[in-house]
Structures are given as structure tokens and as C-alpha cells.
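S.K.: Listed here are the chains, written in short residue letters.
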Amino acid sequence: AQSVTQPDARVTVSEGASLQLRCKYSYSGTPYLFWYVQYPRQGLQLLLKYYSGDPVVQGVNGFEAEFIKSNSSFHLRKASVHWSDSAVYFCAVRKNNYAQGLTFGLGTRVSVFP
Amino acid sequence: DMKVTQMPRYLIKRMGENVLLECGQDMSHETMYWYRQDPGLGLQLIYISYDVDSNSEGDIPKGYRVSRKKREHFSLILDSAKTNQTSVYFCASSQGNSDYTFGSGTRLLVI
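Here the protein sequences line up with chains U and B, keeping their order.
For the first sequence, the numbering used here begins at 1 and goes up steadily by one.
For the second sequence, the numbering used here begins at 115 and goes up steadily by one.
These are calculated hints, taken from the structure and not from any lab test.
Incorrect hints may appear among the rest.
To be verified - Below, simulated BS3-like cross-link-like pairs (lysine-lysine); rule was C-alpha separation at most 30 Å, straight line:
# : chain 1 : residue 1 : chain 2 : residue 2
1 : B       : 117       : U       : 49
2 : B       : 117       : U       : 95
3 : U       : 95        : U       : 69
4 : U       : 95        : B       : 176
5 : U       : 95        : U       : 49
6 : U       : 95        : B       : 184
7 : B       : 127       : U       : 95
To be verified - Residues of chain U clear of chain B, computed beta-carbon distances all greater than 10 Å:
#  : residue
8  : 8
9  : 14
10 : 25
11 : 41
12 : 54
13 : 57
14 : 60
15 : 70
16 : 72
17 : 106
18 : 112
19 : 113
Cβ atoms here follow ideal geometry from the backbone N, Cα and C, with glycine treated the same way.
All chains, full assembly: derive it from the sequences and hints.
M.R.: Following this line, the structure appears as C-alpha cells:
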């Protein structure tokens with residue numbers, strides 16, 4: 001069965017600093033990986049996804065992630081955060097059958113301070 | 115505008131009452147999902163619907179049932195709600211290999 005681990009429950013960072021959120025997955029086969037963001041009282045919004053090809057994928061709002069198969073990781077990065085990046089970030093892996101939904105990590109709450 | 119709409123946004127029910135959560139999508143997606151989100155547990159899959167009257171249990175179906183009579187509409191039903199069903203419920207839809215589109219959620223409080 002698939003699983004996703006986000007080891008950091010909370011991350012605090014200063015505005016303008018860089019951000020890395022860690023994600024490790026367990027999956028037999030070729031993983032389809034996602035990062036979602038959830039702002040307060042809202043649903044999940046897709047930041048980026050990896051299906052195949054270039055292991056570094058670009059997303060919205062300056063986010064990028066790198067798929068490292070040997071490490072089973074899909075870490076999210078941003079070079080310079082803004083206060084509006086404060087949110088909860090979820091890493092997810094698609095289940096074996098695309099119509100079986102996503103398995104999510106527990107999320108990382110990011111707080112950006114001025 | 116492609117979207118998934120959930121109604122109501124907030125709901126308070128007494129233990130033992132029946133609860134109906136509604137979800138609609140305007141993208142003609144075949145597949146729809148219900149998740150619940152709880153602190154410390156993340157998002158957990160309750161049910162999947164592959165199309166009209168074609169539903170499948172997810173990871174935590176106990177205490178829930180679903181109904182899909184039209185492709186654009188997917189309902190989650192709690193018969194005799196329990197306090198441990200207090201949660202935020204999210205609906206999502208997808209088509210083939212497309213991205214998943216999530217609704218804004220329904221916050222349910224069972225007292």
C-alpha cells in the first residue's frame with residue numbers, strides 16, 4: 001500500500017527566506033506525486049505534480065519540487081517566501097489505479113513571519 | 115469556471131440525526147470522491163464514485179453511505195450521526211488522468 005510521510009508538522013520561516021518541505025513516499029511502481037496547499041477555511045489547491053520526465057517540476061507561485069527516486073523523496077522548495085505563503089502543505093501520491101484517489105501525508109503547517 | 119461546489123459550508127447536527135452533504139461539479143468528471151480531514155490524521159478517503167450508481171468504498175467507509183444519481187452530483191449520507199464524525203468533509207472530482215479538483219469543504223459538528 002502507498003504511504004506518504006511529511007516529517008515536519010510545523011515550519012516557521014522569515015519572509016524572504018528560502019523554504020524546503022520534506023516528503024517521502026512509499027510506492028511500488030512509478031509514482032504520480034503531488035503537492036497541494038490549503039489556506040485557512042479553504043479546500044486544497046494544486047501547486048505542482050510529477051508524472052514523468054524532468055525530475056524538477058515547476059509549480060505555481062514560484063514553488064518547485066524535485067523527484068529523487070533513489071531516495072523516494074519529493075521535496076518542495078521555494079527560494080523566497082512571502083507572508084501569503086502561510087498555509088498547510090500536503091504531499092500526495094496517486095494510488096495504483098488513477099481512479100482510486102490520492103494518499104496524503106499529514107501536512108506541514110508553514111508560518112511566515114515578517 | 116471549473117469548480118466543485120459543496121453545500122452546506124457549515125452544519126451542526128445532534129447525535130443520532132441524519133446528515134446529508136452535497137457535492138456538485140460542472141466539469142462532467144466521471145470520478146468523484148469524498149474525504150474527511152481531521153487533525154493529526156490528514157485526509158482520509160471515504161468513498162469513490164466512478165460514475166452514476168457505481169460507487170466503491172474507500173479506506174474508512176464505516177458509518178457512511180453515498181448516492182450518485184447524476185454524474186455532476188455526489189452525496190454523502192450519515193445515517194444516525196455520531197460525535198466522532200465531527201470533521202471537515204471534502205469532495206473532489208477527476209477525469210481519467212486529469213488533476214483532482216477539490217471543493218471548499220463542509221465543516222460538520224455533531225453534538
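S.K.: Need the list of violated hint numbers for this structure, in ascending order.
M.R.: Hints 7, 11, 17 contradicted; others consistent.
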